[in-house]
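Heads up, the sequence shown is in the numbering used here, so the first residue is 759 and it goes up one at a time.
There's no promise every hint is true.
Pairs of lysine-lysine, BS3-like flavour, derived with a Cα cap of 30 Å [as the list claims (entries may be wrong)]: (1) K760 - K837; (2) K763 - K837; (3) K837 - K775; (4) K775 - K760; (5) K775 - K763.
Per label pair, the in silico range of CB-to-CB distance [as the list claims (entries may be wrong)]: (6) N781 - G806: 43 to 51 Å; (7) S807 - S779: 42 to 50 Å; (8) E808 - T841: 23 to 31 Å.
I should point out that these hints are in silico values taken from the structure, not numbers from a laboratory. As the structure is a prediction and not an experimental result, all values here were calculated from the model. Glycine included, each C-beta is placed from N, C-alpha and C at the ideal position.
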Amino acid sequence: MKIVKAIVRPNKVDDVKDALSQNGVSGMTVTEVRGHGRQRGHSTVYRGSEYEVSLLPKIEIEVVVPDALVDDAINAIMKAARTGEIGDGRVFVIPVEQGLIIRTGEEDVV
Numbered sequence: 759m760k761i762v763k764a765i766v767r768p769n770k771v772d773d774v775k776d777a778l779s780q781n782g783v784s785g786m787t788v789t790e791v792r793g794h795g796r797q798r799g800h801s802t803v804y805r806g807s808e809y810e811v812s813l814l815p816k817i818e819i820e821v822v823v824p825d826a827l828v829d830d831a832i833n834a835i836m837k838a839a840r841t842g843e844i845g846d847g848r849v850f851v852i853p854v855e856q857g858l859i860i861r862t863g864e865e866d867v868v
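Kindly produce the complete structure, drawing on both the sequences and the hints.
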């Protein structure tokens, strides 16, 4: 099993969720986060004053998938989240040693 963690634009969450669902991924965790990558934020004007916004709003999506579905999940996320502009996000893959279902105590096989 692997955790596929994606950091995407807030307006792309529904597209990513639908793409993952079409590829057999049923459960996910979605978290509102703030951060910056290479774009380092941007300048904006508020009430006549210019200021720098360095931590931009993003959404972090985490899914745990069996090894056989990892490439499909990554491809679905990449296709659904891509706009072609700076700030589209990142995808990380992290190994999972064990998963347990709290209610039953059984080992989760995803």
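Now for the hints, and whether the structure bears them out:
1. K760 - K837: holds, 20 Å
2. K763 - K837: Holds, because 15 Å separates the two Cα atoms, which is no more than 30 Å.
3. K837 - K775: With a Cα-Cα distance of about 12 Å, the restraint between K837 and K775 holds, given a limit of 30 Å.
4. K775 - K760: Holds - the C-alpha atoms of K760 and K775 are around 18 Å apart, at most 30 Å.
5. K775 - K763: holds, 13 Å
6. N781 - G806: 43 to 51 Å: For N781 and G806 the Cβ distance comes to about 48 Å; the hint holds.
7. S807 - S779: 42 to 50 Å: holds, 43 Å
8. E808 - T841: 23 to 31 Å: holds, 26 Å
Every hint from the earlier list agrees with this structure, and none is contradicted.
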